[in-house]
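Colleague: Residue numbers (my numbering), protein chains in the order written: chain A, 606 to 864; chain B, 5 to 395.
The set of hints was computed from the structure by calculation and includes no laboratory data. The beta carbon of each residue, even a glycine, is placed where N, CA and C say it ideally should be. Treat the hints with caution; some may be incorrect.
[As the list claims (entries may be wrong)] Label-pair ranges, simulated between beta-carbon atoms: (1) B:A273 <-> A:S796: 45 to 51 Å; (2) A:K637 <-> B:L159: 31 to 37 Å; (3) B:A145 <-> A:G854: 46 to 52 Å; (4) A:A720 <-> B:R152: 49 to 55 Å; (5) A:G803 <-> B:E324: 48 to 54 Å; (6) A:K850 <-> B:D331: 57 to 63 Å; (7) B:K106 <-> A:L792: 18 to 24 Å; (8) B:M320 <-> A:K615: 51 to 57 Å; (9) A:G803 <-> B:K142: 43 to 49 Å; (10) B:K106 <-> A:Q619: 46 to 52 Å.
[What the hints assert, rightly or not] For lysine-lysine, the following DSBU-like pairs were computed, each having C-alpha atoms within a straight-line distance of at most 30 Å: (11) A:K684 <-> A:K842; (12) A:K768 <-> B:K7; (13) B:K142 <-> A:K678; (14) A:K678 <-> B:K261; (15) A:K712 <-> B:K318; (16) B:K318 <-> A:K742; (17) B:K361 <-> B:K391; (18) A:K769 <-> B:K35; (19) A:K843 <-> A:K639.
[Unchecked claim] Derived coverage of chain A by chain B (criterion: at least 3 residues anywhere in the stretch with Cβ under 8 Å from a Cβ of chain B; other residues may be distant): (20) 711-719; (21) 726-735.
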Amino acid sequence: MNRIEKVFKKLKAQNEKAFIPYIMAGDPSLDKTKEIVLMFEECGADIVELGVPFTDPLADGPTIQRAAERALKNGVTLKKVIALVKDLRQKTKIPLVLMTYYNPVFKYGEERFIADAKDAGVDGVIIPDLPPDEAGKFTRLAKNAALASIFLLAPTSTDERIKKVASASTGFIYYVSITGITGAQLLLDDSIEKSIKGIRKISDKPVAVGFGISTPDEAKAVAGVSDGVIIGSAIVKKAQASSDKEFRGFLLTLREVIK
Amino acid sequence: MKKGYFGQYGGRFVPETLMPALIELEQAYLKYRKDKDFQKELAHLQKTYIGRPTSLYFAKRFTEHLGGAKVYLKREDLAHTGAHKINNALGQTLLAKRIGKKRIIAETGAGQHGVATATGAALIGLECDVYMGTQDMKRQALNVFRMRLLGARVLEVAVGSQTLKDAINESLRDWTTNVGTTHYVLGTVFGPHPFPSMVRDFQSIIGKEAKKQILQAEGRLPDYLVACVGGGSNAMGLFHEFLDDEIKMVGVEAGGKGIETGEHAARFAGGSVGVFQGCKTYLLQDDDGNILGTHSVSAGLDYAAVGPEHPFLKDMGRVEYTYATDDEALAAFELLSRKEGIIPALESAHAVAEAIKLAPKLSKDKIIIVNLSGRGDKDVQHVANIKGIEL
Ligand SMILES: Cc1ncc(COP(=O)(O)O)c(C=O)c1O
Chain A
606 MNRIEKVFKK LKAQNEKAFI PYIMAGDPSL DKTKEIVLMF EECGADIVEL GVPFTDPLAD
666 GPTIQRAAER ALKNGVTLKK VIALVKDLRQ KTKIPLVLMT YYNPVFKYGE ERFIADAKDA
726 GVDGVIIPDL PPDEAGKFTR LAKNAALASI FLLAPTSTDE RIKKVASAST GFIYYVSITG
786 ITGAQLLLDD SIEKSIKGIR KISDKPVAVG FGISTPDEAK AVAGVSDGVI IGSAIVKKAQ
846 ASSDKEFRGF LLTLREVIK
Chain B
5 MKKGYFGQYG GRFVPETLMP ALIELEQAYL KYRKDKDFQK ELAHLQKTYI GRPTSLYFAK
65 RFTEHLGGAK VYLKREDLAH TGAHKINNAL GQTLLAKRIG KKRIIAETGA GQHGVATATG
125 AALIGLECDV YMGTQDMKRQ ALNVFRMRLL GARVLEVAVG SQTLKDAINE SLRDWTTNVG
185 TTHYVLGTVF GPHPFPSMVR DFQSIIGKEA KKQILQAEGR LPDYLVACVG GGSNAMGLFH
245 EFLDDEIKMV GVEAGGKGIE TGEHAARFAG GSVGVFQGCK TYLLQDDDGN ILGTHSVSAG
305 LDYAAVGPEH PFLKDMGRVE YTYATDDEAL AAFELLSRKE GIIPALESAH AVAEAIKLAP
365 KLSKDKIIIV NLSGRGDKDV QHVANIKGIE L
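Hey, can you work out the whole structure from these sequences and the hints?
Modeller: This is the structure we're talking about:
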């Protein structure tokens with residue numbers, strides 16, 4: 606069993622929810638990213654999402670766009686992010702998921718990417734612009750390497766789409782909480798709960814929710830209706846704007862409310 | 005061939021949020037393509053509003069000057085709003101209305117597609133927002149004001165390279181956010197399926213008319229078709245009808261300051277296969293799969309990728325792709341103005357530049373049709389600036 610599946614299994618047995626923080630690799634430097642990932646773990650994160658910078662992140666809002674621009678300026682590439690994971694594996698066993706756009710993976714070569722990522726200790730991959738319809742080869746290769754291929758569902762997804770996405774996803778299903786891009790305003794009504802119930806009717810795979818979750822209150826509400834909470838833009842912003850102590854405090858608060 | 009693909013190119017590489025909208029759009033497009041009422045309404049507007057058919061004009065003095073093959077110009081510059089872009093914008097705007105959308109959005113580089121979409125919105129009565137890079141707003145200031153006059157909002161895109169590709173990113177983000185109420189009128193044969201096929205079909209009227217017109221004028225088909233290639237819609241529009249005929253076709257990309265300088269937008273001369281903004285195609289990228297900056301004197305060709313049907317036609321050997329540099333395009337811009345009294349768009353001037361190279365090499369009984377995709381009024385200010393002339 607993949608490390609990600611193990612985490613969700615354990616949490617389920619204990620009736621707990623996953624805290625999944627996101628950080629853009631290489632913003633402001635790869636060394637700092639390493640520190641932040643270890644800090645995530647100390648603060649009780651269950652899984653860490655590592656962003657890979659790309660010039661044209663069309664699913665991302667301004668916060669992550671700018672983080673990607675800073676990382677690219679530092680010369681960070683997919684290759685370097687894989688090397689960072691290898692380095693991190695000397696210190697931590699926390700499940701690590703790469704969030705990357707498809708073209709860097711395509712250019713790297715799907716076979717080679719999956720082999721290198723696996724070898725470095727990556728546990729899963731999220732590619733927002735690669736729907737399962739286009740991912741036949743990728744999913745097959747990932748499965749053979751026991752690398753989780755995590756696909757996304759959105760508020761606009763029909764039952765037919767839910768079936769397709771759920772069956773292609775391994776590790777967990779990523780439910781996008783808003784019709785929009787990362788960092789946008791979350792609307793906290795009962796629609797998230799309803800959508801997740803709809804997904805659960807079709808699949809028993811764990812469902813983690815992300816996009817737009819920025820405050821502890823929102824995290825708490827979303828944790829109540831899902832298996833895990835992914836927090837990206839809010840963490841990227843906080844990491845940039847506050848001291849290590851404040852940042853740690855924010856992470857601990859999030860950890861506390863996600864249950 | 006796999007649905008939505010041209011050989012290995014094309015597909016639908018977008019976030020899940022947009023997938024249902026693309027599936028809905030594909031179904032609507034397939035339905036209305038065969039719907040008599042829709043086609044009748046479109047044909048009526050093409051005739052009475054756009055002013056179709058546009059003429060196929062024999063450029064006599066230009067031909068004599070070049071001293072070789074006869075050069076005909078397909079006058080898309082005479083279409084309402086001054087470029088071929090209206091053919092697609094109007095078609096998609098009508099479609100958007102049929103599928104119940106209240107708002108349309110568009111990206112624009114040269115401003116021609118933005119103007120065309122704003123025009124369609126005014127005609128049909130839809131709300132319209134147009135995304136445009138800061139750089140392009142500067143070099144196509146006239147079109148920015150035209151869009152505003154037409155009642156559209158022009159939204160400045162100040163991120164990335166501040167050109168067409170960034171305007172497409174912002175349009176896709178907007179569409180992802182407002183997909184329930186909004187249709188994205190993509191301006192060229194690019195992006196996720198069904199856009200490349202749908203836009204080509206709306207543009208294919210160019211070639212259909214040209215075929216009839218050249219048969220009438222010359223009693224035979226031409227030897228060459230020449231068109232500039234930004235995303236590739238005016239080229240596909242002209243070529244499509246002739247694909248089964250024994251005719252040579254040439255697509256002209258933006259050579260910018262020269263391929264060796266790296267400052268160009270020649271995806272075939274300087275690019276490789278990748279996946280960008282919804283489809284698999286040729287693009288300008290670095291070894292790590294990041295998208296490279298581009299340069300062209302013409303905003304409408306200044307783009308890092310090309311519509312997916314073009315690499316398919318290239319691989320088959322059906323269409324040949326070449327490029328014209330900024331300087332060649334500027335020279336063609338002036339030459340056509342002086343010899344024919346027709347000021348071409350800087351985009352179209354790239355196709356004219358190829359005709360200038362090609363015609364003298366061919367005998368006088370050969371025929372070339374150049375797609376004059378747009379008029380150059382929008383570029384007059386920009387060209388004056390380049391020449392250091394203050395207006
Ligand atoms: C007059 C004109 N020609 C050509 C183009 C390039 O687009 P395409 O290659 O889709 O025809 C543009 C784009 O703005 C344009 O305005």
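Colleague: Each hint needs a verdict: does it hold in this structure or not?
Modeller: Cross-check of the supplied hints:
1. B:A273 <-> A:S796: 45 to 51 Å: Given range 45 to 51 Å: holds, Cβ gap about 49 Å.
2. A:K637 <-> B:L159: 31 to 37 Å: holds (34 Å)
3. B:A145 <-> A:G854: 46 to 52 Å: holds (49 Å)
4. A:A720 <-> B:R152: 49 to 55 Å: Once the Cβ atoms are compared, 53 Å apart, the range 49 to 55 Å for R152 of chain B and A720 of chain A holds.
5. A:G803 <-> B:E324: 48 to 54 Å: holds (52 Å)
6. A:K850 <-> B:D331: 57 to 63 Å: holds (59 Å)
7. B:K106 <-> A:L792: 18 to 24 Å: Hint holds: Cβ distance 20 Å, inside 18 to 24 Å.
8. B:M320 <-> A:K615: 51 to 57 Å: holds (55 Å)
9. A:G803 <-> B:K142: 43 to 49 Å: holds (48 Å)
10. B:K106 <-> A:Q619: 46 to 52 Å: Holds - the Cβ-Cβ distance for K106 of chain B and Q619 of chain A, about 48 Å, lies within 46 to 52 Å.
11. A:K684 <-> A:K842: Status holds; Cα separation ~25 Å.
12. A:K768 <-> B:K7: holds (20 Å)
13. B:K142 <-> A:K678: Judged against 30 Å, a Cα distance of about 26 Å means the pair holds.
14. A:K678 <-> B:K261: holds (25 Å)
15. A:K712 <-> B:K318: holds (21 Å)
16. B:K318 <-> A:K742: Within the cut-off at roughly 25 Å; holds.
17. B:K361 <-> B:K391: At roughly 23 Å apart (the allowed maximum being 30 Å), K391 of chain B and K361 of chain B satisfy the hint.
18. A:K769 <-> B:K35: holds (25 Å)
19. A:K843 <-> A:K639: Holds - the C-alpha atoms of K639 of chain A and K843 of chain A are around 16 Å apart, at most 30 Å.
20. 711-719: Since 3 is at least three, the answer is holds.
21. 726-735: This one holds; 3 residues, not fewer than the three required, reach chain B with a Cβ under 8 Å.
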